[in-house]
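Sequence lines, in order, name chains A and B.
Per the working numbering, the first sequence starts with residue 1, numbered consecutively.
Per the working numbering, the second sequence starts with residue 326, numbered consecutively.
One or more of the hints may lead you astray.
Derived pair list, reagent style DSSO-like, types lysine-lysine, alpha-carbon separation capped at 27 Å [to be verified]:
hint: 1; chain 1: B; residue 1: Lys574; chain 2: A; residue 2: Lys90
hint: 2; chain 1: A; residue 1: Lys128; chain 2: B; residue 2: Lys589
hint: 3; chain 1: B; residue 1: Lys586; chain 2: A; residue 2: Lys90
hint: 4; chain 1: B; residue 1: Lys514; chain 2: B; residue 2: Lys565
hint: 5; chain 1: B; residue 1: Lys593; chain 2: A; residue 2: Lys128
hint: 6; chain 1: A; residue 1: Lys109; chain 2: B; residue 2: Lys595
hint: 7; chain 1: B; residue 1: Lys327; chain 2: A; residue 2: Lys228
hint: 8; chain 1: A; residue 1: Lys109; chain 2: B; residue 2: Lys593
hint: 9; chain 1: B; residue 1: Lys588; chain 2: A; residue 2: Lys90
hint: 10; chain 1: A; residue 1: Lys50; chain 2: B; residue 2: Lys595
hint: 11; chain 1: A; residue 1: Lys109; chain 2: B; residue 2: Lys589
hint: 12; chain 1: A; residue 1: Lys128; chain 2: B; residue 2: Lys586
hint: 13; chain 1: A; residue 1: Lys109; chain 2: B; residue 2: Lys588
hint: 14; chain 1: B; residue 1: Lys588; chain 2: A; residue 2: Lys128
One side of the interface only, derived from the structure: several residues of chain A facing chain B at Cβ under 7 Å [what the hints assert, rightly or not]:
hint: 15; residue: Asp102
hint: 16; residue: Arg185
hint: 17; residue: Leu273
Chain B is nowhere near these chain A residues, computed Cβ spacing over 12 Å in every case [to be verified]:
hint: 18; residue: Gln12
hint: 19; residue: Glu21
hint: 20; residue: Asp29
hint: 21; residue: Leu36
hint: 22; residue: Ala52
hint: 23; residue: Leu76
hint: 24; residue: Leu155
hint: 25; residue: Asp196
hint: 26; residue: Glu304
hint: 27; residue: Ile310
No wet-lab data here; the hints were simulated from the structure.
C-beta atoms are modelled at their ideal positions from N, C-alpha and C, and glycine is treated no differently.
Residue-level listing of the chains:
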Amino acid sequence: MVKDLVRIGIPQALAYHDYGELWSSFFVDLGVEVVLSPATNKSIVDAGVKLAADGTCLPVKTFYGHAAYLAEIPDLDYIFVPRIIGVRPKEFICPKFMGLPDLIENGLKRASPRVLAPEIDLRSNWWKSYAVIARMAMTIGVNPWQAVHRYHQALISYGNEQAEDLTAPSFVGPGELTIGVIGHRYLVQDKHLSMDLLGKLKALGVNVVPGYDLPRELVHTKARNWPKQMFWRSGRIAFGVARSFLEHQPCVVDGAIYVAAFSCGTDSMVGDLVEREFRRQGMPILTVNLDEHTGEAGLLTRLEAFVDLIRWRTDASEMHVSTHG
Amino acid sequence: MKCTFPHMGNTYIPLKALLQELGHEVVVPPTCSQHTLSIGAAHSPETACLPLKVTIGNFLEAEQLGAEVAIMAGGTGPCRFGFYGQVQRETLRDMGSRLEIIVLEPPAGGWRGLISQIDRLRGSLPWSAVLKALQIAWAKFQAIDAIEAAVWRARPVAAEPAKVDAALAQILNRLDAAASLRSIKITVKEGVAELQGLQEPGRTPWLRVGLVGEIYTLLEPFVNLDIERMLGHSRVLVEKNIQIGHWVKHHLLFAFLQPHKQKKLTRKAKGYLGGPVGGHGLESVSHTIDFARSGVDGVLHLLPFTCMPELVAQSALANVSRDLGIPVMTLVLDEQTGEAGYETRIEAFLDLLSRRRQAKQEVAAR
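Can you make the complete structure from the sequences, with help from the hints?
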């Protein structure tokens with residue numbers, strides 16, 4: 001019996017949060033059936049923690065869990081784990097992204113389904129990626145010309161999106177305070193991993209500005225205002241977002257929260273540099289380090305304390321009353 | 326300028342020579358110790374990797390000895406090392422330290438920056454003097470490689486391994502004092518001969534163990550609890566493909582002449598690792614494959630806690646180990662590493678290797 005449709009599983013983790021829609025529509029357009037892993041939950045994190053090496057960061061551990069979930073699905077032909085080296089000139093994603101397909105392949109002990117790992121490197125010679133896409137299409141048995149065409153369209157539409165991006169969305173909400181959130185999209189947006197940090201803040205009556213929603217070009221321009229060019233994508237975005245918040249663009253923020261993953265290599269350096277800069281400029285900042293042991297109650301207490309602190313601070317400065325009494 | 330630099334094994338010898346030849350006063354930081362690590366860790370970002378903490382400790386200790394300028398290497402990713410200079414600078418600044426950090430970046434970070442930094446170090450010296458300084462540093466880098474290799478060979482078969490340690494310390498002192506290319510050459514020749522003389526004829530090493538991993542943890546004895554010495558005293562022949570002179574040769578000077586080298590490593594690691602992952606991740610995998618083929622008894626993989634490239638390598642090494650039948654043990658090092666637990670693990674690993682070897686010999690004898 002000939003199977004009519006190729007089935008590809010996509011883990012809903014890491015780069016999926018940035019490019020997931022693009023990937024899904026790319027494969028669906030080619031007549032491939034796409035199976036998504038569910039949104040992160042406790043059993044996925046637990047499965048990932050068992051598979052990953054000790055020092056791995058929480059998001060990558062979770063990615064293992066998503067891949068393991070997909071590996072259990074019968075008749076799945078491939079798990080899509082692209083090897084993303086970089087998407088802009090002179091920047092890398094992070095070493096773990098570069099080795100992600102290897103991590104997953106080694107972690108799953110090469111069980112079927114196979115890992116589909118096109119190497120995406122748009123730093124220079126971006127045209128090489130077309131050949132990569134064509135080769136991937138031939139591997140999974142779809143028309144390579146069609147695949148390249150779709151890929152090309154996707155690149156253009158993504159670029160257009162960037163251009164439209166320049167008109168900043170409005171972040172003004174009903175709350176009296178505005179807090180910016182710096183951190184990987186795959187960490188902050190994942191409600192399970194971040195324990196719905198954004199929702200918790202909103203429940204405290206705060207307007208939340210997620211850094212990843214800021215206009216992309218603004219962020220990349222601001223990122224240049226640091227002494228050394230950052231070579232990690234997430235770090236560059238964090239730098240840019242941090243500068244935007246410090247300079248109150250595109251909106252005024254009263255403080256910021258840096259959401260870091262424990263043992264994330266980029267956060268350990270970037271978070272430190274950002275925190276120092278905020279302290280110097282006198283803007284409140286809270287660093288939240290997340291791992292699989294983080295307790296929800298403890299997180300809520302910290303957020304409440306931080307919000308209270310900013311409230312007192314703004315009240316005090318508005319009333320011009322010395323805090324020393 | 327009173328210059329200093331971070332420690333990494335014996336690299337202080339060529340670096341000191343280089344800066345002295347350039348006419349600077351050199352403050353070599355005190356040998357890495359628990360104190361270095363404590364003060365470094367106290368002021369560094371919590372989850373940063375171990376080398377950053379130790380190097381900040383080096384700088385703080387050197388500043389107390391009067392250093393004004395610290396020389397640091399840079400990078401362009403994707404390993405965290407590329408941002409060490411920035412974090413060190415900011416950390417020291419917030420502590421109120423006056424130590425200035427000069428970061429020497431590879432060309433991808435901008436030629437102009439590099440040239441102006443080099444010009445500052447050169448001062449008013451003519452280029453011919455700079456060339457001579459580089460020659461001497463180069464010779465000392467290569468000398469360290471040769472001496473270390475001789476020590477690895479000598480320790481497991483020496484009548485008294487402790488004598489090798491004493492001889493090594495003396496030879497390194499002589500190398501440090503050697504001021505001309507000729508005297509460096511003589512030091513190496515005599516040193517290697519002296520180390521060979523300590524070997525007991527007819528004696529063979531108990532086991533052969535390959536060392537792979539992150540370069541700093543491989544080179545800095547304080548951080549790896551002097552694993553080479555520990556192994557040597559257990560009569561184990563150490564093999565290591567990453568040495569400082571070799572690294573300088575291939576990464577600083579000939580990197581642009583050898584684009585095929587990365588490809589060669591990638592080809593070797595095929596099936597385990599798809600390409601470079603920054604740092605020495607790819608090297609760890611392909612060197613382990615080399616070691617397995619050359620018939621070593623086992624491989625020890627060293628990395629600082631949360632090291633990104635080596636974590637990727639670690640997952641690949643599990644499969645290398647299974648496919649090629651070579652035992653690999655990963656040792657993760659951080660400021661919490663306890664000596665007793667570490668030694669126990671290594672001893673257990675060596676016992677395992679020895680049993681394995683015996684079993685193989687028995688099978689062969691049958």
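inquiry  = Going through the numbered hints above, which ones does this structure break? Give me the numbers in ascending order.
reply    = 16 and 22
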